[in-house]
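Once you have looked at the hints, place chain B on chain A.
There are 2 protein chains.
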Amino acid sequence: MSLALNVAGQNASTARQSYELLRDLVADDLNQVNQVIVEHLQSPVTLIPQLAGHLVASGGKRLRPILTLTTARMCGYAGRRHIDLAACVEFIHTATLLHDDVVDDSALRRGSATANAVWGNKPSVLVGDFLFSRSFQLMVADGSLEVLKILSDASAVIAEGEVNQLMTSNNIATDEAAYMDVIGAKTAALFAAASEIGAVVADEPDANQAALRTYGMSLGIAFQLVDDVLDYSAREADLGKTVGDDFRDGKITLPVVYAIARGNEAERAFWKRTLEDEDQQDGDLDQAMMLMQRHDALADAMARAREHGARATEALVGFPRNPYRDALLELVAFCVDREF
Amino acid sequence: MSLALNVAGQNASTARQSYELLRDLVADDLNQVNQVIVEHLQSPVTLIPQLAGHLVASGGKRLRPILTLTTARMCGYAGRRHIDLAACVEFIHTATLLHDDVVDDSALRRGSATANAVWGNKPSVLVGDFLFSRSFQLMVADGSLEVLKILSDASAVIAEGEVNQLMTSNNIATDEAAYMDVIGAKTAALFAAASEIGAVVADEPDANQAALRTYGMSLGIAFQLVDDVLDYSAREADLGKTVGDDFRDGKITLPVVYAIARGNEAERAFWKRTLEDEDQQDGDLDQAMMLMQRHDALADAMARAREHGARATEALVGFPRNPYRDALLELVAFCVDREF
Chain A
11 MSLALNVAGQ
21 NASTARQSYE
31 LLRDLVADDL
41 NQVNQVIVEH
51 LQSPVTLIPQ
61 LAGHLVASGG
71 KRLRPILTLT
81 TARMCGYAGR
91 RHIDLAACVE
101 FIHTATLLHD
111 DVVDDSALRR
121 GSATANAVWG
131 NKPSVLVGDF
141 LFSRSFQLMV
151 ADGSLEVLKI
161 LSDASAVIAE
171 GEVNQLMTSN
181 NIATDEAAYM
191 DVIGAKTAAL
201 FAAASEIGAV
211 VADEPDANQA
221 ALRTYGMSLG
231 IAFQLVDDVL
241 DYSAREADLG
251 KTVGDDFRDG
261 KITLPVVYAI
271 ARGNEAERAF
281 WKRTLEDEDQ
291 QDGDLDQAMM
301 LMQRHDALAD
311 AMARAREHGA
321 RATEALVGFP
331 RNPYRDALLE
341 LVAFCVDREF
Chain B
11 MSLALNVAGQ
21 NASTARQSYE
31 LLRDLVADDL
41 NQVNQVIVEH
51 LQSPVTLIPQ
61 LAGHLVASGG
71 KRLRPILTLT
81 TARMCGYAGR
91 RHIDLAACVE
101 FIHTATLLHD
111 DVVDDSALRR
121 GSATANAVWG
131 NKPSVLVGDF
141 LFSRSFQLMV
151 ADGSLEVLKI
161 LSDASAVIAE
171 GEVNQLMTSN
181 NIATDEAAYM
191 DVIGAKTAAL
201 FAAASEIGAV
211 VADEPDANQA
221 ALRTYGMSLG
231 IAFQLVDDVL
241 DYSAREADLG
251 KTVGDDFRDG
261 KITLPVVYAI
271 ARGNEAERAF
281 WKRTLEDEDQ
291 QDGDLDQAMM
301 LMQRHDALAD
311 AMARAREHGA
321 RATEALVGFP
331 RNPYRDALLE
341 LVAFCVDREF
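Residue numbers (our numbering), protein chains in the order written: chain A, 11 to 350; chain B, 11 to 350.
To be clear, the hints were calculated from the coordinates, so they are not data collected in a lab. Please read all numbers here as calculations on a predicted model, not as lab measurements. Just so you know, not all the hints are guaranteed correct.
For chains that are exact copies, the list does not tell them apart, and a pair is met inside one copy or across any two.
[Claimed, not checked] Simulated pairs of lysine-lysine, DSSO-like, Cα-Cα distance not exceeding 30 Å:
| hint | residue 1 | residue 2 |
| --- | --- | --- |
| 1 | K282 | K132 |
| 2 | K71 | K282 |
| 3 | K282 | K261 |
| 4 | K282 | K159 |
The shape of chain A in the complex, shown without the other chains:
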């Protein structure tokens, strides 16, 4: 579909290759992470592995655990703590997805029915709580208070960001700074934590730990910005979710912020009706996409994504050149140019 190709997808097939390269590089580690995940989903309460397994097996990109694995490897780590901790990161991510889908009433994720759509909201909330607890049990078994601090801080920030997003939803007065606060918390905090942990297990000096944190934070922001652009431009088959979800939910993402700021009074009334009052009709999504194109809203949001991508790239400057570092650089290209 043309907007996607124009705006986000110029290098989409290369982007997919970048991702696959990275995933193949840590394939052995990632298989072990999957084993740890499956083992720790076990419970005599059969609905727990059933429901959580549905989401875990649904073919996510595993970006966050891959970050932990690859940063640890880049730093020369040769043990197996990064396996368990990558599983912790994925558990926290999965828990937040389960709760997000309840909060957003989502029906589709990664091209499959959401857990809340299949089993209802109640078990989704409770199994999310279970996964969150399991993650902390695994961290305790690992035994590092430093890791526990990084991930408990990240979890608190994520929850704060999610509540913040609820409050900015349907509020067309949301500005760029408020939007950046939300995505820094709800998405980038876990990318940052996942990357930082790689440095912690490899016992890197504080400066390198901070650099990997910056890498993850910048990458996460770029990733979320592209996600928000894709919601208005992707091909549904690529994205694995419904295009226009954010619009229908009245979410104020950066493309919307730009379009509102640059629109005339009639356009402002359109945004107020559709997003703030949630009074939407057939054709409104097309109209929204047309207004975004008129005001370069998607292109400019992509430009911001590239800026943050560049910061992620810079953060890797001080690390030794090796295939893992190359892969982390490629990952930036993937996050910016992806279509899924």
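Structure of chain B alone, referenced to chain A:
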């Protein structure tokens, strides 16, 4: 109301005195716990302290943090770690209450509107996640992997118990063993953890730590059994919630298990219609209460509560006699004889 006085409330006014005695004994500590809670509820996202504060300030009995405070004091602990850890315990409890009320669609808790009734399900889910994360942040600051293990294990077991309860809901084939599994996990696990932590901060030998764990576990089971009885017998003003909630939710509690097991075929059809098919009419709650009285279901559930109370009492035998030990013994009497 007569059933309450006959079955659960013979010593209700004494029970209230026992509770107040205990609360007064640790009043200074408890005030500090409240300060820690209020400080750690702070967030730039104002809905978080607002929503969480609504529940925290709604006058709960604070039994779980009181357990941590009193067991630590009984063991002669003179530091202040028990303050922060009691706040952790209360945060976990509050998070589970927020999620429970969403899962149960509850409108009333402790005589006030629930957070989900005031602000909706979405922020209740997310603020619950925030409180859970805050609790782990506080534990990390305390720095004990042993405490982190106890409370992350308890959290996983609680979530497991809640999912298990969902699965037994509306299932009149649930037997006493399955019911005991549910309440051991969803209620008693946190009582056990809260009590055990008192021994951990006081650096007690393993046997004493295990004894306090048993005390908390037995007390928690007794507490939940009485809760289930009160749901069919209490005076609403005392209980601070609506009598018959469990019945309307189709929850299979021990009194129901007994009444079903002892009922004839017509009675079984009544329970199937009201609890399994959730087809309820005016007068059904009265009918349920009448059947329970006919089969001594409430009285026998209370007898079980007293058995577990006796185990809690026994678990304190090896500890030195002091006012804190006396208060923990009184607390057993409160949990068994309470009307609120």
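Hints breached by this structure = Violated hints (numbers, rising): 2 and 4; every other hint is consistent with the structure.
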